[in-house]
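Protein chains: 2
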Amino acid sequence: MRTLRLTLAYDGMGFDGWQVQPNRRTVQQTVQQALHRITGKEITVIASGRTDAGVHALGQVVGFRTASTLTCDVMMQALNAHLPQDVVVLSVMEAEDGFHPIRDAERKTYRYVIRDGQLPNLFCRGYCWHVSQRLNVQAMQSAAQRLLGTHDFSSFESAGSKRVTSIRTIFESTVRREQSRGVGEEFEGDQVVYEVTADGFLYNMVRAIVGTLYDVGRGAVAPEHMEFVLQACDRKSASMTAPPLGLFLVNVKYPTHGS
Amino acid sequence: MRTLRLTLAYDGMGFDGWQVQPNRRTVQQTVQQALHRITGKEITVIASGRTDAGVHALGQVVGFRTASTLTCDVMMQALNAHLPQDVVVLSVMEAEDGFHPIRDAERKTYRYVIRDGQLPNLFCRGYCWHVSQRLNVQAMQSAAQRLLGTHDFSSFESAGSKRVTSIRTIFESTVRREQSRGVGEEFEGDQVVYEVTADGFLYNMVRAIVGTLYDVGRGAVAPEHMEFVLQACDRKSASMTAPPLGLFLVNVKYPTHGS
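Residue numbers (the numbering used here), protein chains in the order written: chain A, 15 to 273; chain B, 15 to 273.
No wet-lab data here; the hints were simulated from the structure. Hints are not guaranteed to be accurate.
[As the list claims (entries may be wrong)] So, partial list: chain B residues that the calculated Cβ filter (under 7 Å) puts toward chain A: (1) Asp25; (2) Gly28; (3) Gln99; (4) Val102; (5) Phe113; (6) Leu133; (7) Leu136; (8) Phe137; (9) Arg139.
Treat the numbers as computed from the prediction; the structure is a model and nothing was measured. Backbone N, C-alpha and C fix where the C-beta goes; we use that ideal spot for every residue, glycine too.
With the hints as extra help, turn the sequences into a complete structure.
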């Protein structure tokens, strides 16, 4: 038996999230079915973390054990031949025995895309949150910077998931305005992108942060409000949870020796 | 009664093309339903040309007559409020009496996007043709240039559509390689874009040209082959019809006095 590590991208629109659930189309089940067709074995794959329905991945990391002797390149080609169009394997590599995608993850980066403008970007409508109000990026960036460091993030944790601790460390937290990418320059325009890197995230944490940044961006609250929310340690102090479609798991970093 | 002119964008993936057909979701029917809800009247809208199932529009032009007294701005807002997410009205303007979107069109521009690389661009998979072979853009551009001018384009016309003449004039015909636009730089890469402007197009003409350019790009035929195809005036001399998903109607130009 050997342990393989996949990097996966998927379009979350057509999935009920990562985790296997009866009678639902999920990413985990889809990958396991492809592996079953390739190896003839029931294989359980473990991701660095679950993503919710509608959330996308540019670089989800997945591990599994297999007796297959296919080379990594052939395994990648076989998986991409068997997977549907909305999941792509970007790399396959050997992992150390005992590699565990959740436990071993050192840092994760998420990106959230907000399209702020009168018209939605027709060809990216499943990949952003469209708001009609023009957002103040400078105020949002000022608020985002206040999240840096080690804090109790329980104000940004949705109920329904008990963790040993709600303390996390955010290494990067930036808001920028960038040219939106669409299929044609006709649809290009501005979009606001939030990118956050941490040693881990609580349930719905990024989407609750984005909801609060949105209230800062539209002028409902001041950037300093972010400190109040953080200190309150109460989900009610933060704003609404932003919708899933704008959220992307960008990458997951592991210690060099483990990869 | 007044005549209004709309510029529309739509995502062709979810439509069985432009034209109303029984029990099919088409763009024409969708726009007419929205107008019915707004005005209470059955209104027939005419487009600059039909687009096939799967073909997209960045700037389709549509005309219709109405007794509505709504201003253009209010009409645009009302339409966008009533249209589904995959159709957007980009502008509404008054047109001269007798404006006819098909007859009055002077030039049309189409764009065709080919993703050439090992992996598809996951988030643009409905908006390009993915081929795994790296294409020779210089050879394709050389072939594309041979189409410029006034010719009988019947080699590029699919059966099933009788026109008075198959002579058309191509004003621009260029192939370029550009940075592909996706939702994240992780998926950026090269794509090959063909853009063509003419005074009109025969049925499936752009897709038959692209099929032939593809054969040039992959080295199956030389750029000079394009002249042979053009002179043959026989559909069998050209290559396969490229799939619809990569095709975009970019814009339609009318004489200044008609707009």
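Tested hints:
1. Asp25: 6 Å, holds
2. Gly28: 11 Å, violated
3. Gln99: Given a least distance of 6 Å, the restraint on Gln99 of chain B holds.
4. Val102: Holds, because the Cβ-Cβ distance from Val102 of chain B to chain A comes to roughly 5 Å (cut-off 7 Å).
5. Phe113: Since chain A brings no Cβ nearer than about 22 Å to Phe113 of chain B, farther than 7 Å, the hint is violated.
6. Leu133: 6 Å, holds
7. Leu136: 5 Å, holds
8. Phe137: Holds, because the Cβ-Cβ distance from Phe137 of chain B to chain A comes to roughly 6 Å (cut-off 7 Å).
9. Arg139: It holds, given that the least Cβ distance between Arg139 of chain B and chain A is near 6 Å, below 7 Å.
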